[in-house]
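The lines below spell out each chain.
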Amino acid sequence: MEILGLYNYWAYVAVLMIGFYAVIAKSNLIKKLIGLSIFQSAVFLLYITMGKVDGGTAPIIQAGVSDQIFSNPLPQVLILTAIVVGVSTLALGLAIVVRIKESYGTIEEDQIHLLDHKS
Amino acid sequence: MVTLFAVFLLTLLVLTAIAVVQTKNLFVAVMLMGIFSLLMATVFFILDAADVALTEAAVGAGISTMLFLATLALTGEHEKPSKKGPWISGLVVAITSLILIDATFEQPYLGDPMAPVQQHVAPWYLEMTPELMDFPNVVTAVLASFRGYDTLGEVFVVLTACIGVLFILSAGPGAPNPKSPRIPTAPSVGLRHHLIPRVVGKLLIPFIVLFGLYVQFHGEYSPGGGFQAGAIIAAGMILYALLEGEKQALKVLPQSVLIGMVVGGAMLYGMVGVVGMLMGGNFLDYSVLSSNPVSGQQIGILIIEIGVGLAVCGALLAIFHAFAARRSVG
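Heads up: the sequence lines are chains A and B, in that order.
Each residue of the first sequence is one higher than the last, beginning at 51 in this note's numbering.
Each residue of the second sequence is one higher than the last, beginning at 1384 in this note's numbering.
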């Protein structure tokens, strides 16, 4: 099982890079935002992975049980708030996309650039 | 066994992400994102992060899918094939992947108790929570008290994002007309004419809201707290809006009440800090709120969690209604 000790990190790299690819290679603005969400989820996965302790349990202390091992609560707190902040900023991005669609009639980046050059 | 399950889930997660990026239909991509979030929540749960799993399930699979769908309704769901050369992007991604993979070999193995991240403040938090706050959920203790400044900042980010969305979506060609608010023609008033979703949904909504309230007020003893509760209750109300039509939902909770909830929640959080200062403590030091420092901490955490819950619930619902009220242009 030694070799599987780094599997979480590899999954993190794979998901991060898939999101990154969507952000830089796709021209559709919604696809870019989806890619950004995937990228963000990968970062969450990295943090939570780092907080895990072998044989540990969720950091909720049970009364009367003494020698429990707990996973690290700190990364969990950081990510918990980051998820909610992430969805609010995603909403902001989507609102801007809606306005771009209304002004340009398209949400494809290359067409927006063309329209910008014409005017 | 758990390791194998985790490996399976992570592999599935990567495959789902590839499918999301591959598909040309944005509606399919958004639905797959819901699955992606749910898988991610399960992975978080396996990694002992129960609070985070609850948040990811409510926010990722529920609210953000809704927001994407609301946007797709206004922008169209077909992605045009990209003309950009994917080769350069692919090359950049490949090189970055190799560097990152190389870096992972220096990481401590999963679950290593001697990893640097486990040595710093975390043991202190685990040790001091029963003593200083006398309740079991350490995540809530760190969130609300030990790192209360962070959380206050996050609540204000949510508030700012909400203000931004409302500003952006209240002007421009598709702005909702205040004189004749968009009243959908009869067949599209929510899902009123679909019997099964309506009956099942209506049965579920009270339980969703009740569960949200439980998560809110039991957050010190079990996974939960203001962030999760706000998202769960918002999801319940969005379900109501989908079933009964948005107009009916706005009668129950008008936009002005929602904005009041966002601002009031953030202010409530800040005021607890100021009251603490007036009573002779530091900003966001709850120990002075009562004659007994431990019960002072508990009172403070209860109040700020209510503030967080109000702010998050109000913000998510206000954002949803801002998208829903927008008229499609062209």
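I should point out that these hints are in silico values taken from the structure, not numbers from a laboratory.
Where hints are given, some of them may not hold.
[To be verified] Within a straight-line C-alpha distance of at most 20 Å, the following computed PhoX-like cross-link-like pairs (lysine-lysine) qualify: (1) B:Lys1463 - B:Lys1407; (2) B:Lys1585 - B:Lys1634; (3) B:Lys1463 - A:Lys82; (4) B:Lys1630 - B:Lys1585; (5) A:Lys82 - B:Lys1407.
Hints not upheld, ascending by number: none
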